[in-house]
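Once you've looked at the hints, dock chain R against the given chain P.
Residue numbers (the UniProt record's numbering), protein chains in the order written: chain P, 1 to 372; chain R, 1 to 372.
By construction, these hints were calculated from the structure, which means they are not laboratory data. Built from N, CA and C at the ideal position, the CB exists for glycine as well.
In silico contact screen, one side only, chain R against chain P (beta carbon under 7 angstroms); selected entries: (1) Leu65; (2) Ala150; (3) His164.
Chain R is nowhere near these chain P residues, computed Cβ spacing over 12 angstroms in every case: (4) Thr145; (5) Asp239; (6) Ala282; (7) Ala304.
Label pairs and their in silico Cβ distance ranges: (8) P:Asp79 to R:Asp353: 53 to 59 angstroms; (9) P:Gly63 to R:Val48: 40 to 46 angstroms; (10) P:Pro352 to R:Pro171: 30 to 36 angstroms; (11) R:Asp330 to P:His139: 52 to 58 angstroms.
Take a look at the letters that make up each chain.
Number of protein chains: 2
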Amino acid sequence: MTETRTQTRAGARTVGEVLVPEQGPAPAGPHGSPDGQEAVVILDRARVSVEPELRRAVESLPGPLRRVALHHFGWEHADGTPAAGNAGKAIRPALVLAAAGALGGQRTAAVRAAAAAELVHNFTLLHDDVMDRDTTRRHRPTAWTVFGDADAVLAGDSLQALAHRLLAEDPHPASAAASARLAGCVVELCAGQQADTAMERRAPDDITLDEVLAMAEAKTGALLGCACALGALYAGADDEDVAALDAFGREAGLAFQLIDDVIGIWGDPGRTGKPAGADLMARKKSLPVVAALASGTPAAAELAELYRLPYRDGDLERTVVAVERAGGRDWAQTQAADRMARALGHLFRAVPDPEAAEGLLSLAEFVTRRTS
Amino acid sequence: MTETRTQTRAGARTVGEVLVPEQGPAPAGPHGSPDGQEAVVILDRARVSVEPELRRAVESLPGPLRRVALHHFGWEHADGTPAAGNAGKAIRPALVLAAAGALGGQRTAAVRAAAAAELVHNFTLLHDDVMDRDTTRRHRPTAWTVFGDADAVLAGDSLQALAHRLLAEDPHPASAAASARLAGCVVELCAGQQADTAMERRAPDDITLDEVLAMAEAKTGALLGCACALGALYAGADDEDVAALDAFGREAGLAFQLIDDVIGIWGDPGRTGKPAGADLMARKKSLPVVAALASGTPAAAELAELYRLPYRDGDLERTVVAVERAGGRDWAQTQAADRMARALGHLFRAVPDPEAAEGLLSLAEFVTRRTS
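In isolation and in its complexed conformation, chain P is listed as follows:
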């Protein structure tokens, strides 16, 4: 989940607004706003709540591992001097706290669970960056480029351990169930990353849409779903509501990934921090590309031809047009809208009161808020 692309822009069109206007109750309430300002407030509040717990956990690590983790979270420069911090947008902690609140729980009681979800997220980022050889994250060099592969992997391993320790030491009655659920989610995240790296080695037209959707659900949807489920568990919700909150987060996560992939092809580089078409130049098998390849159209055949060879200067425009003509963009946007509608369905099943659901709604809209 490439968070650096997420952004707020007052008055921007959002997928939620544009594509699912009638499919679910509109976000409302005294703090509701269509420009994502409420989500920004929720995220800021979550960050402030969770950061002390997160920082305490990271500070407990022994020297060299601590340095890697502090750098990864943006709290230290590579040379060990303090940095302002850029630990990400805290979407997962915010979902934990908002889900707890939505189901009548105490937000403050769920802070450790929120920190645990964020630790797991960051453990996977550290490992994924090593495997994917990604060199920047949150506009800073990735851990492995600064400290080497071994230290990055070991710091990631430690963050997973810290997540489980936080929950094991939490006297809250839901902490054991949360730890079990988070562990199951880790397995799913690993399976998603495994599928992703395996797909990299396969021919693009050999990959089915079902496979790539399942991969995206495991890699991105699973932890957003788990975060919501942890909040529900901490609110003392029953199994059905916990499952509904999980499904809400999962579907919203998939909508996020679809929109993220659309931006990877057609997005505004000034806003996304990534040149438009970067995913196509890297021959990434993103969701719109795989959908386009599966369309059986003449444009699909042309796209397959282009993807057979590495990117050459000048074929970007042709590739973009081929994905579009083969229906990749339309499919992704319709899918995103469909996923958001399903997400809202799950949410309102567990939280029928729109006012109680408002925080989660704002967050879901925020993560899928994109200029298309």
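For chain R alone, coordinates are given in the frame of chain P:
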């Protein structure tokens, strides 16, 4: 911890027997035997108790990760066909169960904790093999050589998650404390591996004995100590006894490592499965080598000179002699004896009844039972 070297040999001299005959009560009781047969029975019984739990956990993994884990545990060949299994000697599970029994707990109640310790051990093996580029483990190709680095790392990540899930789902009143302790141990194991990989890059005479002892304690002692502590927790022991059992396992682990390093230089290749002197040829900064380098003797200077260059055919004998003359072997054997004596001191503080302590004693003797 290179388990492939551990072995039983009827009548072999053991460190326990040879070097610490008067420093602790001798192992006794109806099943006590100086040839390690009792330990073999204990290990076999532990393996039989834990394997179903372990196997169930591994079988729960999604397809590709399951294949990596089944191969790692020796339950499947690389092509996915069933294998007889060679999942290691189950020393950590045996310690968990023996510690629970020694403190008056139910061995059967601690089976999940025992499986969790073994899962953590195997998670670290998977990751360490990737970092150290080790190509064989338990006489079979390591996971990364068969499935690639990414899959080996992800399978390791999953095994850590499974360990915490086992404990989180265990209704035993000690399971949360065990999960917290195991998580703390993971951090220590990671710190040990980090120190080890960092030392690889440093000049041998720049490394202090304290550093390499601390590294060995973190890398090998920590999990043996934690396994004993988990057993104590599951027996409902108080903090003092839990700490004593942890210290027992830690010191025995360090004794193990010292003997293992002695064998890496002087061991019988027919018995160890590793050519004598292999560690010296690889210029490994093992404990006897660092002790020798720190001795300030003329032999230390010669050893430093040899270690400055990669191994050349013919300098093995000179290197072995230099380590020996500089006192590396004597130091390691005395240290091992000292650590075993300390281990026994901790054990008998918590378990004064020799009959109750017998299982743990046999295991400690077994892991340090070596032909020197």
